[in-house]
Every structure is written in structure tokens, then in C-alpha cells.
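Top to bottom, those sequences are chains X and A. FYI, in my numbering the residues of the first sequence are 1 to 716. FYI, in my numbering the residues of the second sequence are 1001 to 1220.
Some hints could be false.
[Claimed, not checked] Taking beta-carbon pairs under 7 Å as the criterion, some of the chain X residues facing chain A (in silico):
1) 103
2) 431
3) 435
4) 613
5) 649
6) 656
Note that these hints are calculated values from the structure, not bench results. We put the beta carbon where it would ideally sit given N, CA and C, even for glycine.
Chain by chain, the residues:
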Amino acid sequence: MANTPDYSWPPMEKRKVIGKPYKRVDGPQKASGRAKYSSDLKPKDLLFGVYLTCPHAHARVTSIDTSAAEKTAGVKAVHVVSPAGTEIQWAGTEIAAVAATTEEIARDAVRKIKVDYEVLPHLVKDDDLSKAGARAKAAGEKVVGDPDKAFQEAEAVSEGQYGIPVVTHCCLETHGQVIQWQGDQVSVFPSVQDVTHYAGSLAPNIKVPIPNFHVKQDHIGGAFGSKFAADSWGLVGANLSQKAGGRPVKLFLDRDTDQMIAGNRPSAYAKIRIAGKKDGTVTGWQSESWATGGFTGGGTPPLPYIIDTIPNQRLHHTSVAVNAGPSRAWRAPNNQQASYLTCSALEDFAAKIGMDPMEVFQKNVAYAPTARVETYRYQLQKAAEIADWKKLWHPRGQGGSGPVKRGLGLGFSAWGGGGHQSQCRTTINPDGSVLVEIGTQDLGTGTRTIIIQVAAETLGLTMGAIKLAIGSSDLPPDSASGGSTTVGGVSSSTRKSSMNALVKLFEAAAPALGAQPEQLEAVDGHIRMKDNPSKTLTWQAACRKLGTTKISEMGENQQRNPMGLNASGVAGIQVADVSVDTETGLVKINRYVAVQDCGLIINPRLSESVCYGAIIMGIGTALFEERVMDEQTGLMLNPDMEFYKLAGIDDIGEIIVHLDIREENDKRGVIGLGEPPAIAICAAVGNAVANAIGVRVPNIPMTPDRVLAALEGRNA
Amino acid sequence: MKGRCLVSSRKDPEPPAKPKAGFSRRGFIRGVGLGSGAVGTGLLEREAVAAPAPANVVGPGPVPITLTINGKPVNVTVEPRVTLLDAMRNYLDLTGAKRVCDRGTCGACTVILAGKTVYSCSVLAIDAQGKNIETIEGLATGNNLHPVSAAFVNHDAQQCGYCTAGFVMAAKGFIDKHPNPTMEDVKHGLGGNLCRCGTYMGIRQAVVEAAKEMKGGKNG
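One chain only, chain A, in its complex shape (with noise of 0.2 Å):
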């Protein structure tokens, strides 16, 4: 028990060598990263099961590699065992999304990889190259909101804000798939985002008129 944590291998003396009971996460991804290039969580499972062998095997140092960022390449050199949400934080300046449960349940991270919405916490930068990754960073043309930014703005769907920049994508990324919601599909399409300060009223609005609004062709 000398120095570890049952709750956490984040405290562990000694670095897993392998996943074992009650491995976490991030040690989960440390294990995984080391090997191999191409091999990520369980959202992309099945996925990773059709990949072909990787071409190298790259790390445990720093590798260079590019993600696609709202259309365009970025470069950024992280550890494989980086997620794709702490590249974007801590390496490229990009902090809309949050870091907040950081083991795939809040959905403040959440990000539309490929057109399917993902929590990036749950993946790993280097996996998520030769894909666009939409952030809340490219949803505003210019000054101009996008609708379901501003849908949030209108129906007061935000007040700490810090679960908000997640909403938005999530809710994005339902509408992208669900262009007709009813009130009962936004309540189960969001389940998987939380919000500390209670906001859920006004996002139950701002998600269907959002989706009206899109629809109607103005943006989006």
C-alpha cells in the first residue's frame, strides 16, 4: 500500500506495467500509448479493430504529429500518451474545451472527430491525426455566432460557463444527426454532458430552436 492511491494509479510509485484491477484511464492510456501508434480508447474500439498494422512504432518521447483543426493542419510534438485534449490545451492554446471529470463522463471536452462527437479526453492525440477535429474554436464565422452558440446566448443556457464550450459541440454535433428534435430527443441526445450550476432548462430550449434555426439554412 506503500505511497499508492486504490482510487487513482495517478499516485502509483511504480508505473504499471500492464492494466490490472482498478486501472484508471490515464494509465490505461500511458499503457496502450507506449506500444503502438494506432491502437485508442473504447470509443474507438471497433474502429482500431479494422485499422491495419501500424506502419512504425513511435515513442515514448515526443513525436511530432499533425491534427486537422477545423480544416486546417496543425503541428504540434506531444508524448503518444497525450490526449488529444491536453494537446489542445496545453500544447496549442486551444481551451474551449475543458478538462473537468477527465475520464469520459462530464462531456465538457467534447469535440466532433470525423463527424462523430467524442469527449477528447478519451482520445489520444496521435490517433486523431488524418481526421478533422471540429473545436468550439471554429464554430464562429467571424463576429458572427453560430446558431447554436447564440441559441445558448438567448436562452440563458450558461452560467459558470465552463461546461458550456461542451454543450455546444454536443448539442452541434446532435443536431448534425438529429435535424428534427423534439424536446424528449434533446433530453436524451445530451445526456452525456453535465452541468454544475443548472443550466439545463435553458439548454433544453436553446438545442431545439438552434435546430430550427439551422435549419432554416442561416448557418451552419
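So that you can see chain X by itself, here it is in the shape it has in the complex (with noise of 0.2 Å):
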């Protein structure tokens, strides 16, 4: 091969399979109840594996006894994670494990081992900073321009304080794994968002090769940010499966752990003033704000979010540390709580000046990065237009006369994306059958569908001509998926490997042809000269001529050159429409309107399904989430999802989708769309909410008792 095959996108007008909204082809599975997910699996033999978790916020463990666990009929290895003398910082922290034949024996088997703690002194709650005492520990001061003289010579000063508390991911399946560690061989079945790396975050604290694991996942029931690794949980079952002898042991999570340790979203708090003239350009901003990630601390909001460019600034953030579960990455992190608190504040500006928080948008969007503003112009009048807000939106409180008021709010946000490291194979064989192999996951975003796409239109093939391997560390390298990169990534090796494969078949089939390799194409199942189209083979006659050496083909995108495959960067304005009853505090959602920024767009279908999900996930933390603590006992008070609420299928009004896609966005290539928009939702119905009721509930979740008492000039 002289030159580098021309791995470009079709034109939009050329496309035959890639932007065709086709079926995910893991539906049937899935809506059968026949996909096989890690923690349905039961190889001969299996263990069931059942954690003993800490009780206390922050204690010391001072003894503990497993020997009558261990003498338990049926319990085939007992493993301490805390021994005596350690130092727990958060409830649910892992104390013990027990490997058994049955699962009831395993959790008999956790109640008789005896631990004594030392209890020490908690904090637990983080919306006060006043109670953080010595947990609080200030970044220090960020200046940028004179915000003293801008506040002095402003037309208008707004202010108020926005919280958005701690939610857990709580991902359907739990986190864990089924694994089995035999000699210097390590098999296992995880529920992990990185199937590839899976086997590096663990070989080091086993000591066996990373060539050693077999890490195999065929779907994974929800990650959000939240399963990057084999965590604890996988080096424990390790531990019991070696104990056991070898056998395999299955450790998930019960439901009340996973929701206590396995991952939230950090919390954050802000006082806001904004200082700006009349016409609603703001001049200045000021920001105390403080969150929590956990323990360790964590969870830094960019602030002012998006509109950073804000001449005159001073910022000011603490991090608090309390005894809770850490925090993981959370679907776009950090950005959910930048966009509330900074579209809160923005629309607490508008009312100030009495003006349309449209207008107050569009004015200040000039400071958004340059290459952003005029999507954001167009994205502001477009969901306004959806959302019919010249009719609907009224000033703050004038939202009906009734106990129901109706109201309009704003939230934008901004996304990076890229493509992240993959490789893939593609494989044609001489009886004309194709198999694309590739080392990554389907997180349920379509990631199985979207490559078949691609390699379908790349080989001129259908959908169903594709054979296609994820899920495996036995296939070429992929990464996490994570940071909206999967698509990108995935989407750009396969086109490579696939482009690759073919103009190996063109120059096995055109001597047949009488014609030069580069004088070939493939279209509709079939190799054809470009210039001549009746010289054509069927794609099987054409692979015949490969006599039986079949074509094996790499394509790799280095997330560093994409080559205009993918590329990085999205908008989004969405537009939340709700009614409050001012009675009973209740906010129910109308129309949920998000106008979504997008590169090249494989699947509507699914791209649609993601925004759908994004959204709904985020009426949820608008209106529901919250992993509410209780400062006695330190303890979480609704780890379950009976009191840690998640909205419902009644819950999310009507959601209309607009993806942008155009020839212009189009021409940038992939970009992801997991996380953008998810952004943006607590922002627009917090916005709503205020303009709905005429005042500013402050704190997210948007519940009735919230509401009430900001209706009655309460804190709550």
C-alpha cells in the first residue's frame, strides 16, 4: 500500500447505513430477558460472596472475630478488609467477606462475625460551612479584573445562594463481579465502564500478569461515571476465590452499600452576586462557593460556568470533608452543579432588572468561549421557539392566578467529547462473512449498533452481514468509557480497520476486474469500478478471489489525532416548562425542551434515546435525588430507592429533542453525546420553578417541603 487509504466520512448525501436511525441490535436480547449480564452468571461451582459493612460514619476498628463465620457449614473462605486497628472514615466502608454455597449461608455466615469499634467523632452534613470547622479547607482567592470597582459602579447588584446536594449513581446493577482466581490465572466477569484497563487496576494487587485475566463483559447494567475500575470489591472476591480454592465467587454489592460507597455525585454550594447595568450585560461576579466529594474532599465547580470570560471576578471555593462515601466521576462531572449555579444566579439577575432571562442569555453568552457564542444565539432563539416562550413566559410570579402557576426557566451547558484510544480488527473472510473486533463495552448507549453502522458503510454491507466481538480483553485494546469519548473512539478505529480490510479486497479482486485497486468501491454488496459500475463483482465472488487467506485488518484512533474523524465540543440550551402548586409545593414537569449541539450523528435513533435518558436522569436530580444524611448517626437515611427517589415513568412530562444536525456540524465529525445533555436540567427547572412561584427555591432537589418554605420566606 503506497498511499493511506482516504478514511473520511461519506457525505451526508452518500450515506446508506451511518444516520439511519436502525434498531439496536442487542434489543431482542435485552427485551427477552436473554442477555447474559455479569451478575446473572453462574459457572459451576460458584461462591456466593456477601460483604459485612461498617455501621459507623468514623470509628476504629478495635477487634474482630470471623472464627465462627468460618466454621459455618458451607463457608468455603472468610476474608477481613479492615482488620483490627482501622481507621474507617465512612459507613458502609467493607469489614469482612464471606465466600459460600448458598447465599443465605454466606449472609449467616456475615452476621456471626463479631467486630468491636472504637466510635470517633463525625461530620456528615455539608450545607452549612459554618459546621465544617476544620473540614473545610479554602483554595484561596481567584481574582481576575477589579470586581470591587464593578460592584461599586453597577446599575444592578443581584445575589442569592443555590445548593445542589450529593446523589449516588445508583446504577441498576450494582457494582461488582464474578471471578475466579486459579493459579496464576485470573478469569472474571465484571460490571465495569473499561473493560479493557479492568485487568491493569487489578494484576498489581494480586501480583499476576496482566496477560493473565480474561476479563469478559457482555452488557453491563449502568455505570454513569461510576465503574471505571475493579475497586475493592474486585480484589476482595479475588481474595475469596483464591481462598476457596479457586473457585469462582460472585460479590456484588447489596443495594445499601452501593448506594453508600460506590459513587455520588459531589455536592456544591454558592453565595452569588452579580454586579451588571440595565440593559442586562453583567460586569462583575463574586462567588464563595463549597462542596464536598466525600472524604477526601473534591468537587471544584467551574465558576462562572461557560460565561468565564466575565471581565471582573473574585471566586472563592472550599472543599469539605465528611465521613461519606466517596465521590466518582458523575456524568459530566462538575458541570451539572457549575450550570445551577450559574444559571440560577444569571436568572436572579434578569428578575432583578426586570428583564427576560432570554435576553439576559443572549446578552451574556458574548462571554462564552468565541467559538461557541453564535451556536448559543442560535440555540437560545431556537428553544425558544420550541418552546413557544415569547407566549409563555411571564415576569417572575405572575404565573396564573390559581394555586397552580405555571413558569419558564433557562440552563445551558458545554461539553468536550473527542474520541478516545481504540483499536479495532476487521476481519473478511473468503466465504464473504465479516467480523469486527473491538475491546470495548455498550454502557446501553448503542456502542454495538453504532460500529456495525460503520463498518456496514464502509464495506458497502447490510447491518446483518456484520459479526461483531466487544466486551473481551481478548480483543484489540479500547478505553473507558467515559467523558462522551466512546462513540468517537469506536466509531473512528472501526473505520480505519474496515477501510483498511477493503482495500485489501481491492486489490485481491481487481485483476478480476481488469482494473487498479484505487479504481474500486464498495456499494451495496458489491466491489465495483467507481468510473464503470457494470464491472462489478458481488462482495462474495470478490472475497472468493481471496482463496483461503482471509483479510485481518487493524484501524487504531489516537485520541490525539482524530483526523477529522471525531472531534470535541458541544453546546446545549435547554428549556424547562413547569407547574407548582403553591398548596401542596408539588412542581410537576410540562415540556422539557433541549436544544443539543452534535457532530456527525450514526444512530438519531439512539443519539435521541441518550438525550432522553440525560434528561430524564437529570428531572430526577432536579426534583427527587438526594442522598440525605443524618448528622446523629452519621448514616445515609435512604440508601435503597424506596426514599432515594428516582423519577418515574409519570414524572417527565413531555421531552422534545432537537438535535442539530447539519451539514456544518456534521462535517466536524463524531462527538458524544452521553454527558452534554445531562447538564443542564437542575438549572432550567430551578429556573422555572423561581419564575413560576416569584421566588428563588434555593436548593436543589426541587421538593414540596422546599418549595413551601420558600413560599413562606423559610430556610429549608
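From the two separate chains plus the hints, produce the assembled complex.
Here it is as C-alpha cells:
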């Protein structure tokens, strides 16, 4: 091969498979209950693992006695995770684990483990910074321009305090794995969003070389940023398996433990002042923010969000360490928080000067990164149109004369994307069959489907002609599904490997067509001459020219050199239309409009589903979700799904997604959408509630007690 | 407080002798499971009151029971405290129903028991004897998806898919009782199931379509 093939995406009008709303290829398996998740597996001689966890927020283990558990008939292994002397920093911390022949025996045995604790003082609440004491760690002040002057000279100043609590990932499949450690070999079926690097996160801890790991995962029941590595349960499961003579062990967290320790989104609170002109132009920003990401602190919302070139700013952030489970990446880390804090303050400024927030946002997106300013302006206009803003918006507090008030609110978002490091192998066999292999994972976003679409498009075949293998460490290495980078990565590596394989097929078929390989194209199941389509071979006939030798070609997406196949950076504007019952405090979503910037869309149906999903998850966080901590006991009061409330099918109103599929966007290449549409919901809903009832409800979620408290001028 | 977590009795050092304040579903089931083979959970309480006194006392060790799953008798030996969900998943390899909330909230474990939609995490396996248990595994005929499953595929009513089997069963049970549902009916009728990926927009459409399809007598 003298020249590098042209990998670029075919032009929009020439695409036959890409851009079409194919149904997800694993849909029938999932909808018939046949899809096997790692937590469904029951290999021969399986043992059931159960954890004993710490009931205190802060304590020291003074003694632990596992003898009774070990003597229990059916118990095959007991592993102490936190031996005497261990200081525990959050409730739910793993103390010990048991593996037994049945789950019932394992649970009985866990109850026989005797642990004594020295209980230590704790801090678990973070909503009041004045109570954080030594647990608060200030990051120092950042000043831009001359904020004092800006506030002195301002025509208007607004101020408010806003808060967004810790929420959990609450993946339906809890964290865990089925694992078997026998000699120097480890077989593991995890629930993880990075199949390729799973082994690397466990290997050093058990001193088994990475190549001796066999990691396999067909399906995963949710991740959302909380399942990047083997975690302590991988290590504990491996130890149990080894102690049990190499029998496989299934160790998945119980729901309460999962809620307490296996991931959450940091909180964020802020007192924000905005200085500006009466025409809506913001001239100054001042924020004192604080947040907790668990015991190690963490969680720094980027303020002011998006409009970060406001000329005069004073920023102060404090990190609070609490005795609660550590945060993990949560579907656009720190962005929901920053969007909520910023958009709430901006809407309060609009109300202060008596302007329509749509105009105030229009004016101030000038402070967004230059490349995005026009996109936001366009999107604001589009969102206003779809949401019927001109007709339905009213000045704050004029939401109708009855007890139920209607209001509209705005939020904005920005996210990166790009394509992660990914390798793919495309094999074309002499019998015409095609195999695409890639060590990635499908989190339910439709990764399987879009890989097949790209391969089919590239090879001029139908979806059914492509066989796909993903979800194994034996396959070409891919990367974590995080940061909305999967679709960019796998589509690009698949495009390249398939194009490389096709070039080889052209070489094999060219003599029979009396052509040069570069004169050929693959269209509709044929290999034919570009200039003379009558000179053609069926796909099968062309593949027979391979004799007995298959073609097997690699393709790689390099994160730093996407070659125009994928890109980074999307903007978004969302509008919530809510009704608030001022007698009960209940907030209902009427309509929710999302105008979402995008790149090349491989499958509009799946893209739309991802947007719906992000918005529905966001509605949950805006109205219902909150990790409730009890200062007395130091415990999470709702480590379940009954009182940790997710949005249900009747809680979401009507959702309208406008994906901005346009040629100029398409030219950017593929951009992931897993996170961007999840960012602005709390902002839009919070602003809509303020618009409806005339007062700001400072803290998310907008529960009835908070709404009523705000109406009565109380703190809640 | 030694070794005890207020929010779950699963970590209790001593098994609770009787239900007490703050008992969990599992602790409760364990309590009644030891004493009787015929007392169920809240879902079946009314039926239990009317049921005759148990002929014999079983447990606490494993006992052989016969479940009728998708019309076929299945023998399994489980302790009386084992839920129908755990019997299916841990002992029978019927894994369509999922354990998610593990306490009767989310519906991922939904099956249809004697024509009634139930959370299988909240029914004891021994109590499910003598009644037909419809599970997701029994819905498809050969390679043909059941109309409800097909509608879920057609409307992309699934992402990670972990709630899907429960939703499909809940939808089937709902349509069996409400053959002509409006969209509003669907929003109320499927309120007992939760999805984390946010597939409700598709589910709404799917259930309405499936009901139409099933009325057409093509299947189900």
C-alpha cells in the first residue's frame, strides 16, 4: 500500500447506513430477558460472596473475630478487609467478606462475625459551611479584573445562595463481579465501563500478570461514571476465590452498600453576587462556593460556568471533607453543579432588573468561548421557538391566578467529547463473512449498533452481514467509556480497520475486474469500478478471490490525532416548562425542550434516546434525588430506592429533543452525547420554578417542603 | 450499636427474634419463613388470612418445592426464606428478572403470579407453589419475540436493559388487565417500575403499541 486510504466519512447524501435510525442490535436480547449480565452468571461451583460493612461514619476497628463464620457449614472463605486498628472514614466501608455455597449461608455467616469499634466523631453534612470547622479547606481566592470597582459602579446587583446536593449513581446493576483466581490465572466477569483496562487496575494488587487475566462482559446494567476499575470488590472477590481453592465467587454489592460507597456526585453550594447594567450585561461576578466529594474533599464546580470571561471576578472555593462515601465521576463531572449555580444567579439577575432571562442569556453568552457564542445564540432562539417562550414566559411571579402556577426556565451546557484511544480489527473471510472485533463495552448507549453501522457503511454491506465481538480483554484494546468519548473512538477505529481491510479486498479483486485497486468501490454488496459500475463483482465473488487467506486489518483511533473523524465540543440550551402547586409544593414538568449541538450522528434514534435518558436522569436530580445524611448517627438515611427517589414514568412530562443535525455540524466528525444533555436540567427546572412562584427555591431537589418553605420565606 | 447498621438488619450480629422497629424486608421474611410455609409478604397478606392452616411445618433447612414456571413444573430445594426471585436467579438460572432495589420498589424482578403482577423479591418461593409463574423467559415463542418485547425494541425502550425484563413483564400484566390503554393509563399503570437510563419515552409508546398489536390477536 503506497498511500494511506481516505478514511474520511462519506458525504451526508451518499451515506446508506450511517445516519439512519437502525434499531439497537442487542434490543431483542435485552427485551426477551436473554441478555446475560455479569451479575446473572452462575458458573459451575459458584460461591456467593457477601460483605459485612461498617455501621459507623467514623470509627476504629478494635477487634474482629471471624471464627464462628469460618466454622459455618458451607462457608468456603472468609476475608478480612479492615483488620483491627483500621480507621473507618465512612459508613458502609467494607469490613469483611464471606464466600459460601449459598447466598443464605453467606449472609448467616456474615452475621456471626464479631466486630468491636471505637466510635469517633463525625461530620456528614455539608450544607452549612459554618459547621464544617477544621473539615473545611479553602482553595484560596482568585481575582480577575477589578471586582470591587465593578460592584461599586454597577447599575444593579443581585445576590443569592444556591445548593445542589450529593446524589448517587444508583446503577441498577450494583458494582461487583464474578471472579475466579486459580493459580496464576484470573477469569473475571465484571460490571465495568473499561473492559480493556480492568486487569490493569487489579493485577498489581494480586501480583498476577495482566496477560493472565481473562476479562469478559457482555452487558452492563448502568455505570454513569461510577464503574471505571476493579475496585476493592474486585480484589476482595479475588482473595475469596483463591482462599476457596480457586472456585468462582460472585460478589456484588447490596443496594444499600452500593448507595453508600460505590459512587456519588459531589455537592456544590454557593453564595453568588452579580453586578451588571440595566440592559442585562453582566460586569462582575463574585462567588463563595463550597462542596464535598466525600472524605477526601473534591468537587470544584468551574464558576462562572461557560460565561467565564466576565471581566471582573472574585472566586473563593472551599472543599469540605465529610465522613461519607467518596465521589466518582458522575455524567459530566462538576458541570451540572456549575450550570445550576451559574444559571440560577443569572436568572436572579434578570429578575432583579426586570428583564426576560432569554434576553439576558442572549446578551451574556458573549462571555462564552468565542467559538461557541454564535451556537448559543442560535440555540437560545431555537429553544425559545420550540418552547413557545414568547407566549408562555411571564415576569417572575405572574404564573397565573389559581394555586397552580406555571413557569419557564433556562439552562445552558458545554461539554468536550472527542474520541478515546481505540483499536479495532476487521476480518474479511473468503466466504464473505465479516468479523469486527474491538475490546470496548456497550453501556446501553448503542455502541454495538453504531460500530456495525460504521463497518457496514464502509464495506458497502448491510447491518446483518457484520458480526461483532466486543466486551473481552482478548480483543484489540479500547478505552474507558467516559467523557462521552466512546462513540468518537470506536467509530473512528472501526472506520479505519474496515477501510484498511477493504483496500486489501480491492487488491485481491482488481485483476478479475481488469482494474487498479484504487479504481474500486464497495457499494450495495458489490465491489465495482467507480467510473464503470457495470464492471462489478458481488461481495461474495470478490471475497472468493482471497483463496484460502482471510484479510485481517487493524485500525486505530489516536486520541490526539482524530484525523477529522471525531471532534470535541458541544453546546446546549434547555428550557423547562413547569407547573407548581403553591398549596402542596408539588412541581410537575409540563414540557422539557433540549436543543443539543452535535457532530456527525451515526444513529439519530439512539442519539435521541441518549438525550432523553440524560434529561430524565436530570429531572430526577432536579426534583427528587438527594443523599440524605443524618448528623446524629452519621448514616445515609435513604440507601435504597424507596426513599432515594428516581424519576418514574409519570414524572417527566413531555420531552422534546432537537438534535442540531446540519451539514456544518456533521463536518466536524463524530462527537459523543452521553453527558452533554445531562448538564442543564437542574438549572432549567430551578429557574422555571422561580419564574412560576415568584421566589427562588435555593436548593435542589425542588421537593414540596423546599418549595413551601421558599413561599413562606423559611429556610429549608 | 456494636456491628449494627441502623439501615439494614443484614449486618445484625444476632438474627432478630421477631420483627422490630426498623426491620428490613429480608429480616421480616426470614422471621416468618422460619415459622410457617404459608404466610406471605404484604402483597399476599389478604390471601394468606383466608388460607387454611398449614398442613405441615417446613424449614429452616432446605426443603424440596415444586414451582410451576411458564406452565411447567420445576423442582428445586431451597430454604423457606428464599424469595421467588432468588430461587429463580440463584437456583434455577432464570436470570431475566433482576435483583435491583431488593425491597419491592423498582420492579426489575417483576413476574406474573397466578395472573397477578408481583415483585418476585417480595414473594417467598415456597408461597409461589401451586400457582403459575409467568417469567420473561416464557414470553417468546421460539425466535419470535412477544409483541410487548417487540414493541420495546421498535421504540428503543431500553438502554442498559437491566430494568427491561421487569418492565416488559409489568407491561404484559398491565395490558392483560387493560387491553385498551390510553397514554395516561400507561403512565399510571407502569408507575411501579423504575429505569435509571431514562427510557420512559420509548416505554410509553411501546406499551400503547403492544396493546394494539395484542388486541389484533397476533399473539399473547
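**OP:** Return the status of the interface hint for residue 103(X): holds when the least beta-carbon distance to chain A is below 7 Å, violated otherwise.
**Re:** Because about 6 Å separates residue 103(X) from the closest Cβ in chain A, which is inside the 7 Å limit, the hint holds.
**OP:** Hold the hint about residue 613(X) up to the distance rule: shortest CB distance to chain A must be less than 7 Å.
**Re:** 3 Å, holds
Original post:
Is the hint on residue 649(X) kept, meaning its closest Cβ partner in chain A is under 7 Å away?
Top reply: Result: holds, 4 Å to nearest chain A Cβ.
**OP:** Go through the hint on residue 656(X) and say holds or violated, using the shortest Cβ distance to chain A against 7 Å.
**Re:** 10 Å, violated
Original post:
Taking the closest Cβ pair, is residue 431(X) under 7 Å from chain A?
Top reply: At about 23 Å, which exceeds the 7 Å cut-off, the nearest Cβ of chain A leaves the hint on residue 431(X) violated.
**OP:** Would you settle whether the hint for residue 435(X) is holds or violated, based on the nearest Cβ-Cβ distance to chain A being less than 7 Å?
**Re:** 22 Å, violated
The structure shown violates the earlier hints numbered 2, 3, 6.
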